[in-house]
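Novice: As a plain string of letters, each chain reads:
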Amino acid sequence: MAAWRVRGGSWQRVVWLSRRCCSPGGRREGCRYSSSSTALGKTVDNSEVTQEEIVLPRKKTWDKLAVLQTLASTVKRDPTAAHYMFYDDPFLMPRNAATSRLFALSKESGRNAAKYIIKHFPQYFDKTLADPNVLCLMPETLTPQIEGLSEEALKERIHLRKVKDSVNLFDQLLQAGTPVSLETTNSLLDLLCFYGDQESTLEKEEEEEKEDLEEPEVNASEQKAPRRRFQRGSQLSDSGWRENNNAERIFKIMPERNAHSYCTMIRGMVKHRAPAKAYDMYIDLLNERHKADVHTFNALIGAVPYLKERFFERWELAKVFLNHMVQQEVQPNLLTFNALLKTLRRCGGVGRSMSLLVVKEMEALDIEPSLATYDHLLYIFYRGADLGQSNIISEVLDDVEKRSFSPQDPDDANFFATAMQVCCDLKDIKLAYQLNKAMEKGDNWKFLDVDRLNAYWSKFFSLLCMMEQIDVVLKWYKEMSPSLFYPTPKNILDLLQALDAANHLEVIPSVWEDVKQLGFNKRQDLLEEVLSLMSREQHPEEIQLAFAKCAEDIKAVHEPSGREVPLQWTGSALGRVALLFSRAGRTQDAWNMMERFQQINRIPTDQVMDGFLNCAKQTNCPDEAIKLVKLAAALSLPSAARLKSRTEKEFELSEKQKKTLESIKSDGDSSDSDSESSDSDSDRD
Amino acid sequence: MAAAAAARGLRALPHIGPSAARPLHTTPACLKTRAARVRVGKGDKLVTYEQAHPPHYIGHRKGWLSLHTGNLCGEGGAAERAVEDAFLRRFLAGTFPGVLVDAVVLRRRANLLVVSTLLGRALPPTKLHFLGGYAETLLSHFYKCPVRLELQTLPARVPYKYL
Chain A
0 MAAWRVRGGS WQRVVWLSRR CCSPGGRREG CRYSSSSTAL GKTVDNSEVT QEEIVLPRKK
60 TWDKLAVLQT LASTVKRDPT AAHYMFYDDP FLMPRNAATS RLFALSKESG RNAAKYIIKH
120 FPQYFDKTLA DPNVLCLMPE TLTPQIEGLS EEALKERIHL RKVKDSVNLF DQLLQAGTPV
180 SLETTNSLLD LLCFYGDQES TLEKEEEEEK EDLEEPEVNA SEQKAPRRRF QRGSQLSDSG
240 WRENNNAERI FKIMPERNAH SYCTMIRGMV KHRAPAKAYD MYIDLLNERH KADVHTFNAL
300 IGAVPYLKER FFERWELAKV FLNHMVQQEV QPNLLTFNAL LKTLRRCGGV GRSMSLLVVK
360 EMEALDIEPS LATYDHLLYI FYRGADLGQS NIISEVLDDV EKRSFSPQDP DDANFFATAM
420 QVCCDLKDIK LAYQLNKAME KGDNWKFLDV DRLNAYWSKF FSLLCMMEQI DVVLKWYKEM
480 SPSLFYPTPK NILDLLQALD AANHLEVIPS VWEDVKQLGF NKRQDLLEEV LSLMSREQHP
540 EEIQLAFAKC AEDIKAVHEP SGREVPLQWT GSALGRVALL FSRAGRTQDA WNMMERFQQI
600 NRIPTDQVMD GFLNCAKQTN CPDEAIKLVK LAAALSLPSA ARLKSRTEKE FELSEKQKKT
660 LESIKSDGDS SDSDSESSDS DSDRD
Chain B
0 MAAAAAARGL RALPHIGPSA ARPLHTTPAC LKTRAARVRV GKGDKLVTYE QAHPPHYIGH
60 RKGWLSLHTG NLCGEGGAAE RAVEDAFLRR FLAGTFPGVL VDAVVLRRRA NLLVVSTLLG
120 RALPPTKLHF LGGYAETLLS HFYKCPVRLE LQTLPARVPY KYL
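Chain order of the listed sequences is A and B.
Taking numbering that gives the first Met the number 0, the leading residue of the first sequence gets 0, the next gets one more, and so forth.
Taking numbering that gives the first Met the number 0, the leading residue of the second sequence gets 0, the next gets one more, and so forth.
There is no bait here: all hints are sound.
Partner residues aside, some chain A positions facing chain B, computed with beta carbon under 7 Å:
1. Asp88
2. Phe90
3. Leu91
4. Leu101
5. Phe102
6. Ser105
7. Gly109
8. Arg110
9. Ala112
10. Ala113
11. Ile117
12. Leu128
13. Val133
14. Leu136
Everything labelled a hint here was simulated from the structure, so no lab data went into it.
From the three backbone atoms N, C-alpha and C, an ideal C-beta is built for every residue, glycine too.
Please put together the full structure from these sequences, using the hints given.
Specialist: Below, the structure is given as structure tokens:
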């Protein structure tokens with residue numbers, strides 16, 4: 000305050016200067032006018048001219064997506080919505096894992112159909128309406144433009160990935176006598192080794208169409224047709240590296256070869272399952288005193304399990320390759336170590352001892368491990384025959400939850416599934432929570448696609464049901480399904496067991512609603528489990544009524560309705576449904592159930608009969624009791640006599656009813672007495 | 000305009016005889032009193048809310064079926080939007096044959112084209128997903144802008160009246 004009075008005259012200037020300082024920075028804190036701060040510029044009293052430069056902060060550049068990301072961070076996940084790719088409509092929302100996969104695939108096939116049309120009728124889609132032009136929405140030109148026999152034409156066809164055309168053109172060029180340069184030949188070899196002398200998928204589609212159109216043609220097409228049909232469905236459709244295919248042929252007739260040619264051939268052979276040939280090619284490369292590159296070595300190390308059988312020999316061969324790398328001064332990269340660990344996966348005990356050394360080498364070379372590294376490690380230590388006593392999972396999780404990973408190896412995607420499997424095997428819930436946190440960090444969630452996501456959460460939920468308290472389980476259940484994952488039948492069974500262990504059986508009706516929504520209400524094992532839990536003991540009134548409603552739904556499943564084949568009744572299921580109806584006081588429904596016993600040739604248990612009799616007593620229906628005794632007698636149950644005596648004692652029967660009751664007994668005994676009398680008659684006679 | 004000029008031209012001719020010139024009516028017939036109105040019939044024709052209200056109720060009891068900024072002061076492209084709308088409605092009527100319950104609502108938000116359709120449940124959900132994916136991709140490539148399709152299903156057409 001005193002300072003302000005001192006600088007009264009320069010008040011305006013100070014305010015103006017401080018405002019100038021504040022606005023470029025964009026900071027909203029109040030400007031402090033203390034006399035100690037000299038950064039605010041000159042004061043009139045101060046005679047010395049302080050050349051204070053007003054430091055303008057640098058302009059902040061924001062990412063293009065910054066606003067969207069900030070907005071996204073304010074919105075939490077909606078626990079009732081399905082995945083974003085589905086339409087938000089109750090008819091179009093998937094109910095369980097199978098339908099979600101089906102809908103996602105049908106949407107994708109719709110997109111493929113649209114792309115097919117765009118590819119075949121590009122003339123309708125090549126108007127540039129947008130300014131600047133959106134290249135990804137324009138049709139692609141896939142027909143080669145350059146015609147004639149020249150190296151440019153060959154290069155263009157290689158660029159457009161037309162395998163057959165480029166091979167034909169190459170042969171024509173050689174026949175015409177034009178020399179093809181080493182680079183072009185190498186790129187042709189690259190193309191052939193990548194596709195393994197098959198066509199790329201685009202070419203395959205076109206060839207198949209032509210085959211279909213020319214069906215009633217020569218024998219050659221007939222021979223090819225069954226092979227094509229087999230190939231159409233499967234992705235791993237290549238038949239491997241054929242003997243003396245185009246790649247080998249071109250390789251042999253090349254006038255000069257350099258290291259790149261050998262490397263390409265080796266990598267192609269490894270990719271298309273000819274590891275022995277790859278090894279021979281590598282020996283040739285060494286004989287020619289060339290140097291292989293790091294990708295070739297990665298391929299060779301990956302092929303080691305196919306070259307040798309015994310664990311120790313595999314490791315020795317891998318070490319040989321590594322020594323060669325050192326000799327040829329080739330720097331290993333992340334994929335080298337991942338390939339090494341992948342080989343060690345198939346080396347048993349040797350793998351366990353060596354893998355940690357491999358990881359230490361990686362650290363020494365300053366290469367950050369990727370998720371695939373950790374995946375291989377977990378596999379080596381935990382998925383072998385004996386669950387190891389190692390503690391490596393917690394170290395791995397500590398490393399993983401610190402950083403956000405980016406995809407560097409195709410095997411990265413398996414990490415989370417393997418890790419969750421290990422947690423389930425070890426039955427450790429804390430590790431699972433840690434893994435969850437690691438998954439939510441940064442971009443790590445992107446490694447789980449829809450299938451893997453379902454499997455991951457399904458395993459996590461099973462573990463939760465086993466290890467956690469019931470209220471935690473129910474909280475997770477409400478949050479996670481059906482938005483994050485769709486429970487499998489095994490999950491529902493685990494949930495029911497957890498409810499049973501915690502004595503929370505009143506939640507069963509709501510679980511049954513979910514089961515109906517998931518479409519599992521026809522599975523015998525689930526039905527048996529639900530019925531047995533509901534009918535085991537007597538429960539208070541309203542719970543019993545809710546159970547009876549569930550029992551009604553289960554009964555509806557067994558009835559013929561619409562186009563579906565109804566489920567067959569089993570004896571225990573029928574008895575339990577009858578018991579549930581009787582406990583809720585629905586005598587008529589219970590009697591309908593009892594009548595069906597004879598149809599399916601099964602016998603109700605004593606518990607069922609007693610329960611029905613209790614119900615009849617409560618609702619005061621002596622007729623039903625008599626009908627029950629009749630049924631018992633008809634089925635010749637040992638408990639018939641007991642039931643009859645109970646009915647006599649506990650019910651108030653009219654004269655007619657008493658007579659009918661007597662006659663039932665006499666029906667049961669009449670055969671005996673008739674036989675006795677006939678015996679005695681026969682004896683007398 | 001052309002008719003008036005022609006009429007004037009004819010009147011300017013030298014007078015030949017009593018009423019020798021007959022003006023031509025050359026504008027096309029524009030039945031404004033019959034546009035977008037469902038005529039009253041026997042009482043068995045189901046009419047939705049959209050169909051039941053004639054066009055003078057737009058802005059009062061009805062909303063717009065196509066929303067874009069082309070008609071604002073100083074903005075251009077209204078005619079192109081109208082042509083695109085016509086194509087989109089025909090395309091969707093052909094892609095979802097017999098399944099569309101009501102008219103399609105088209106909204107343009109910056110570059111994005113949001114197509115809101117009301118469908119019946121005649122086709123199973125897999126086929127609706129297939130057609131939805133197909134329509135989105137094809138329209139995106141055709142108009143070079145992102146197209147988002149919002150499908151909503153109803154059990155049947157919702158009647159407002161029976162005319």
